[in-house]
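Student: Starting from the given sequences, assemble the full structure and let the hints guide the process.
As they're listed, the protein sequences go chains A and P. Residue 1 is where the first sequence starts when you use the working numbering, and the numbers rise one by one after that. Residue 1001 is where the second sequence starts when you use the working numbering, and the numbers rise one by one after that.
No wet-lab data here; the hints were simulated from the structure. Be aware that one or more of the hints could be misleading.
To be verified - With a straight-line Cα cutoff of 16 Å, these simulated EDC-like cross-link-like pairs (lysine to aspartate or glutamate) come out:
# : chain 1 : residue 1 : chain 2 : residue 2
1 : P       : Lys1036   : P       : Asp1053
2 : P       : Lys1036   : A       : Glu21
3 : P       : Lys1192   : P       : Asp1140
4 : P       : Lys1096   : P       : Glu1134
5 : P       : Lys1192   : P       : Asp1145
6 : P       : Lys1036   : P       : Asp1089
7 : A       : Lys47     : P       : Glu1160
8 : A       : Lys53     : P       : Asp1053
9 : P       : Lys1036   : P       : Asp1191
Small disclaimer: the values here were computed from a predicted structure and weren't measured.
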Amino acid sequence: MIPNNSQENSHCSGIRILLSEYIDNTLSARQAWDVEKHLTNCGACSKEVREMKATVQLLRSAPRFDTSDGFMAALHARLDTVDPTLAAAVSPWRRLHLWFSNAGASLYGSRVPALSFGLAAVTIALVVTFNRPGQPVTVAPAPAIASDSVHISIASSANSPFSDPAADNLELRSGASSSGSTVPF
Amino acid sequence: MFALGNAMVADTALVQRAQANDRAAFNEIVLRYKSKVFNFVHRMIPSVQDAEDLTQETFVRAYTSIRSFQSRASLNTWLFRIATNLCIDYSRRTRKSQGMVTSLSQETDDEESERERDIPDHDYDPQRLLLNKELGTQLDRALRDLPDKLRTVVLLYDVEGLPYDEIAAIAGCPLGTVKSRLFNARAALRDKLAPYLAGRA
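Tutor: Take a look at the structure:
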């Protein structure tokens, strides 16, 4: 049975938004089945799928551009004027954090750096506290502060699990302070 | 020696060496990614010279920031993210100063630029050649008319072949937004190209 126009239109709008993913074969089996079932009865959506596939094929077969022969020479001439050790402009605290992060990542994987930084801070605080000659041993203040730093580190990692300090340092977007992101959209 | 079996491992090794001021390692990174970055930038920015300048700027910024790069994102994602931001900044500046961005298909005075933009085609059928050239021109025009956000996503997915999650990281938006932008971009391109796709659809 061929649906009437109003039924077709309401069903089409729900199906149409899936067509892009249908072409990419990234829909769930159920969604793909729904789309295919609809396409067997809907000429308009079938036409749209064919045209969208042709568009995608056109994009994927578009000619590729490459740099000119002088690209590398010109780039190295520019790099010669740049000192990466100065241009990075990383603060000492940031360097310390990066050092611990890299060490932690290499030992335990990428999720641990903040924790390793916090634990290192605890260790340093304890060493400083216990190494004072002639002083009574008082443990409470230092671990409390260090514990806070661990919580802060973990919390900040959770808030921005994909923070990219390199990209953040780029300051590519003028006036980006309101969102704090370097990505302008 | 950079010819490691796994490309991801090789990238990580190159980054570590570049972070230790090894210029040869950074040079290898440039050689590995310059064509991909330039192809993307040139599709975003029609002017060959400006596209090449922006590609160079991408690598200069990567060079100056390489020490703070962490391997949470892939090198590919990081470079495309820098390039995308530069392209969008350029696009905004150009729109402000000129009103509109010029097209890949627009005539240029520079003979060398024109030659570089020629579409290589080894099919000697003149009619088909003409059709392909016309289609390429229309594609350039349709891409030019897309908003930056949609153009970025469709170029990264359909031209550069990046997965959804990498594009989400580059564009700084959720995965669902990437999918909806991709759908909207393709739908807009299809609308404009439909008259030229009759023989292909």
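Student: Just to be careful, I want the Cα atoms of Lys47(A) and Glu1160(P) compared with a cutoff of 16 Å; is the pair within it?
Tutor: With Cα atoms ~26 Å apart, Lys47(A) and Glu1160(P) exceed 16 Å; violated.
Student: Against the 16 Å threshold, does the CA-CA distance of Lys1096(P) and Glu1134(P) hold or violate the hint?
Tutor: 30 Å, violated
Student: Tell me if the straight-line CA distance from Lys1036(P) to Asp1089(P) falls inside 16 Å.
Tutor: Status violated; Cα separation ~20 Å.
Student: Within a Cα-Cα threshold of 16 Å, do Lys1192(P) and Asp1145(P) meet the stated pairing?
Tutor: 10 Å, holds
Student: So if I understand the rule, the pair passes when the alpha-carbon distance is 16 Å or less; does Lys1036(P) with Glu21(A) pass?
Tutor: 24 Å, violated
Student: Taken at face value, is the distance from the CA of Asp1140(P) to the CA of Lys1192(P) at most 16 Å?
Tutor: Within the cut-off at roughly 11 Å; holds.
Student: Holds or violated: are the alpha carbons of Lys53(A) and Asp1053(P) at most 16 Å from each other?
Tutor: 34 Å, violated
Student: Taking 16 Å as the top limit, are the C-alpha atoms of Lys1036(P) and Asp1053(P) close enough?
Tutor: The given pair, whose Cα atoms are some 15 Å apart, holds under the 16 Å limit.
Student: Can you confirm whether the C-alpha distance between Lys1036(P) and Asp1191(P) stays at or below 16 Å?
Tutor: The hint is violated at about 28 Å.
Of the numbered hints listed earlier, those contradicted by the structure are 2, 4, 6, 7, 8, 9.
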